[in-house]
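Peer 1: Each chain, written out:
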Amino acid sequence: NAGVTQTPKFRVLKTGQSMTLLCAQDMNHEYMYWYRQDPGMGLRLIHYSVGEGTTAKGEVPDGYNVSRLKKQNFLLGLESAAPSQTSVYFCASSLGLAVNIQYFGAGTRLSVL
Amino acid sequence: SQQGEEDPQALSIQEGENATMNCSYKTSINNLQWYRQNSGRGLVHLILIRSNEREKHSGRLRVTLDTSKKSSSLLITASRAADTASYFCATYDMEYGNKLVFGAGTILRVKS
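Chains as they are written, first to last, in this note's numbering: chain D, 4 to 116; chain Y, 142 to 253.
So here's chain D without its partners, still in its complex pose (with noise of 0.2 Å):
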């Protein structure tokens, strides 16, 4: 059982640059979430999806956007990639409300130059 699979693990851009990142979960969770962790700010959610087909927005939304298709997957896009965009993301995915237990991925150290 894989649980939360990020893809990819590492990724340098530059400035401007585009990317996706795919956030893959087998555990038939209905809600997913985007966050971004820098140096002793915690985890700050970025955007979060309660159902196939459906997202919104978290706490610092700006810059990026999401993509639910499919109900095990959830991809983050950075349409235009900035400095400040520099950090380690993680994917994060629950069964739903009452409890919401959280299960992460691996992570995705993104650097933008």
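These are computed hints drawn from the structure, not numbers from a lab.
One or more of the hints may lead you astray.
To be verified - Pairs of lysine-lysine, BS3-like flavour, derived with a Cα cap of 30 Å:
{"hint": "1", "chain 1": "D", "residue 1": "K60", "chain 2": "Y", "residue 2": "K167"}
{"hint": "2", "chain 1": "Y", "residue 1": "K167", "chain 2": "Y", "residue 2": "K211"}
{"hint": "3", "chain 1": "D", "residue 1": "K12", "chain 2": "D", "residue 2": "K73"}
{"hint": "4", "chain 1": "D", "residue 1": "K60", "chain 2": "D", "residue 2": "K73"}
{"hint": "5", "chain 1": "D", "residue 1": "K60", "chain 2": "Y", "residue 2": "K211"}
{"hint": "6", "chain 1": "D", "residue 1": "K12", "chain 2": "D", "residue 2": "K60"}
To be verified - The calculated label-pair distances, taken between Cβ atoms and stated as ranges, are:
{"hint": "7", "chain 1": "D", "residue 1": "K73", "chain 2": "Y", "residue 2": "G157", "range": "47 to 55 Å"}
{"hint": "8", "chain 1": "D", "residue 1": "E33", "chain 2": "Y", "residue 2": "E196", "range": "27 to 35 Å"}
{"hint": "9", "chain 1": "D", "residue 1": "G56", "chain 2": "Y", "residue 2": "P149", "range": "39 to 47 Å"}
{"hint": "10", "chain 1": "Y", "residue 1": "N159", "chain 2": "D", "residue 2": "K17", "range": "45 to 53 Å"}
{"hint": "11", "chain 1": "D", "residue 1": "S70", "chain 2": "Y", "residue 2": "E158", "range": "44 to 52 Å"}
{"hint": "12", "chain 1": "D", "residue 1": "M22", "chain 2": "Y", "residue 2": "N179", "range": "25 to 33 Å"}
{"hint": "13", "chain 1": "Y", "residue 1": "S199", "chain 2": "D", "residue 2": "P42", "range": "24 to 32 Å"}
{"hint": "14", "chain 1": "D", "residue 1": "R112", "chain 2": "Y", "residue 2": "E196", "range": "34 to 42 Å"}
{"hint": "15", "chain 1": "Y", "residue 1": "Q155", "chain 2": "D", "residue 2": "T18", "range": "40 to 48 Å"}
Said to hold, decoys possible - According to the in silico footprint, chain D covers these stretches of chain Y (three or more CB under 8 Å from chain D):
{"hint": "16", "stretch": "182–191"}
{"hint": "17", "stretch": "243–253"}
No experiment lies behind these values; they were computed from the predicted model shown.
Ideal Cβ positions, reconstructed from N, Cα and C, are used throughout, including at glycine.
Use these hints to put chain Y onto chain D, whose structure you have.
Peer 2: Leaving out everything else, chain Y in the frame of chain D:
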């Protein structure tokens, strides 16, 4: 707008000692969770305590919750070098939506 704030920011202890980390939050919650993150890895769920619970145990972990003070503590007993990691509290408030709000974390180092 983080709800959970951990204290201390960093903690260094000897193997076999107990480690206590504290978390404070600002608003009402449905539950509070603790997660562990080993260096370079994703977060792993450790334990959940509901708002109507005061204490919960899981192996060497003991969590307390004081809703009147809006605070929680995580105690790791008889620590091991493998407990070296960052520990995060996260609050879940259904009024805030389907989201967890994480604190900045406590870095625990257990020396052997």
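Peer 1: Decide, hint by hint, whether the structure agrees.
Peer 2: Okay, the hints, checked on the actual structure:
1. K60(D) / K167(Y): It holds: about 22 Å lies between the C-alpha atoms, which stays within 30 Å.
2. K167(Y) / K211(Y): holds (7 Å)
3. K12(D) / K73(D): holds (22 Å)
4. K60(D) / K73(D): holds (18 Å)
5. K60(D) / K211(Y): OK: K60(D) and K211(Y) at ~27 Å, within 30 Å.
6. K12(D) / K60(D): Distance ~24 Å between K12(D) and K60(D) Cα, so the pair holds.
7. K73(D) / G157(Y): 47 to 55 Å: holds (48 Å)
8. E33(D) / E196(Y): 27 to 35 Å: Since the Cβ atoms of E33(D) and E196(Y) sit about 31 Å apart, the hinted range of 27 to 35 Å holds.
9. G56(D) / P149(Y): 39 to 47 Å: Cβ of G56(D) to Cβ of P149(Y): about 43 Å, so the range 39 to 47 Å holds.
10. N159(Y) / K17(D): 45 to 53 Å: At 48 Å between Cβs, range holds.
11. S70(D) / E158(Y): 44 to 52 Å: Because 48 Å falls inside the window, the suggested range holds.
12. M22(D) / N179(Y): 25 to 33 Å: holds (26 Å)
13. S199(Y) / P42(D): 24 to 32 Å: holds (29 Å)
14. R112(D) / E196(Y): 34 to 42 Å: For R112(D) and E196(Y) the Cβ distance comes to about 38 Å; the hint holds.
15. Q155(Y) / T18(D): 40 to 48 Å: About 46 Å separates the Cβ atoms of Q155(Y) and T18(D), which means 40 to 48 Å holds.
16. 182–191: Contact hint for the stretch 182–191 of chain Y vs chain D: holds, 6 residues under 8 Å.
17. 243–253: Per the Cβ count (4), the hint holds.
Violated hints: none; the structure is consistent with every hint.
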